[in-house]
Amino acid sequence: MSAPVPAAEATGTPARAGRGTLALYASGSIGMGVWVTVPGLLLLYFLTDVLGVPAFLAGLTLLLPKVADIVVHPLLGSRSDREARRFGHRRRMMRAGVLLGVAMVALFSVPPALAGAPAALWVGCWFTVGNLLFAGFQVPYLTTPSDLRVGYHERTRVFMFRMVLLTLGLLGAGVAAPALVAAGGRGDYALMALLLASAMGVSALVALVGVRRLTGTCGFRVPDERAGHAALADLRVAWRDRDYRALVLSYLFTGTTTHLFLAALPYVTAYVFDDTRLTALFMGLFLAPALFASPLWTAWSRRFGKQRGLLLSQGVFAAGSLALLPGATLGGTPGVAVTAAVVMVMGVAFAGLQLFAFSMVPDAVAAAEAAGSSKAGAYTGVWTATEATGTAIGPYLYSAVLALGGFVASTAGAPAAQSGTALGALLVGFTVVPAALMAVALWFQRRYALDPAV
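Residue 38 in numbering that gives the first Met the number 0 sits at position 39 of the sequence shown, with consecutive numbering throughout.
No lab work stands behind these hints, which were simulated from the structure alone.
Certain hints may be false.
So the derived label-pair ranges between C-beta atoms look like this [to be verified]:
#1 R91 / G334: 37 to 43 Å
#2 V407 / V208: 46 to 52 Å
#3 P117 / G330: 32 to 38 Å
#4 L190 / A438: 39 to 45 Å
#5 L290 / S409: 32 to 38 Å
#6 V66 / V407: 23 to 29 Å
Note that CB positions come from ideal geometry on N, CA and C, so glycine has one too.
Produce the entire structure from the sequences given, and follow the hints as far as they go.
Structural data, given as structure tokens:
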């Protein structure tokens, strides 16, 4: 099937989508933001402090379902390339996103008779189902900017719109979900999931319309005939790309760091500040700055380049992680104030981490095409598998730190007393460990040499 050619390209002018079209496309990120935020923020805490699952087992419950993602995402990337060549678009796989809300509700609706290991099994099974549905939507959705016949700065503009709408999803879920479950009962978690699942379904439906309009406006670059036939061959092509490999490894540690931060936050508010309502406040302060920071980071990119912006964002996030320690040590109102200020700065850095990293993937795809190979789906499959791995490793590392510190699991309404060692591990996992992980991410990112602005 021939790819659509935008009118702008036919006249020789650069293709540029309107704001309405970009907003429709970016709306798909609202539902993605809900799925990324809610399990990342609450699921580990839900397991250890509501369902009575020991910390180490709870970490495994979040980690093992992601093993399937490591295999599935690249396979879906290759399949997406095949469908793109056959149908001239990638929207067929995206329909899985409409059902993601069902998995969300089941994930937090654990039968009352289940606790401990049986409850962990229930959560792990539904988490696997949800991750597979999410992957079916995410891979073709995030490949769309790589398919467009647009240039370096326009790709950043597309991702800027996506980042703003993603932030709305993250912010809405990050504030609403903790507020809805503040009472700590199982029924509160089930109700929260039901309310947010409806937003996820609408988001997926709107995104399908947005992708169709965006590719119709900017054109659709069909993958070459070599793409999609063999997933392993596609993986080898992506891994041999030195700059893309550096970007992927950097984002693996970046994603691990940010999701460790999310998983740790409910423990800090509950056990350090003794007020679980602060989770919603800190999440709001962390994510709200991205609404204005994303356009500012886009302007930075035009002047200084994406690479410099990403390195700066990583450095600020690492420093901010260490700066959280004084606030947590102070405790009380002064500690809350210091932590709130640091979290806001880290939120600005978080916006840069997302915008620059994701907008560099299409740049790597464009460079690969110029070198004679266009396998956008394969590149995106590797990328989303890396992202999924980071979302699992972050909470798992934090649960391992808690387990080493002797953290005691509990059930809803019967919180367990924690030792000084457990509280110390809780703080180290929230501050020192993320700083070290982000330093590794920065080390890998410095090896990326594809940005023409550097």
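**Message:** Tell me the hint numbers this structure goes against, listed in increasing order.
**Reply:** Going through the list in order, the structure violates hint 1 alone and respects the others.
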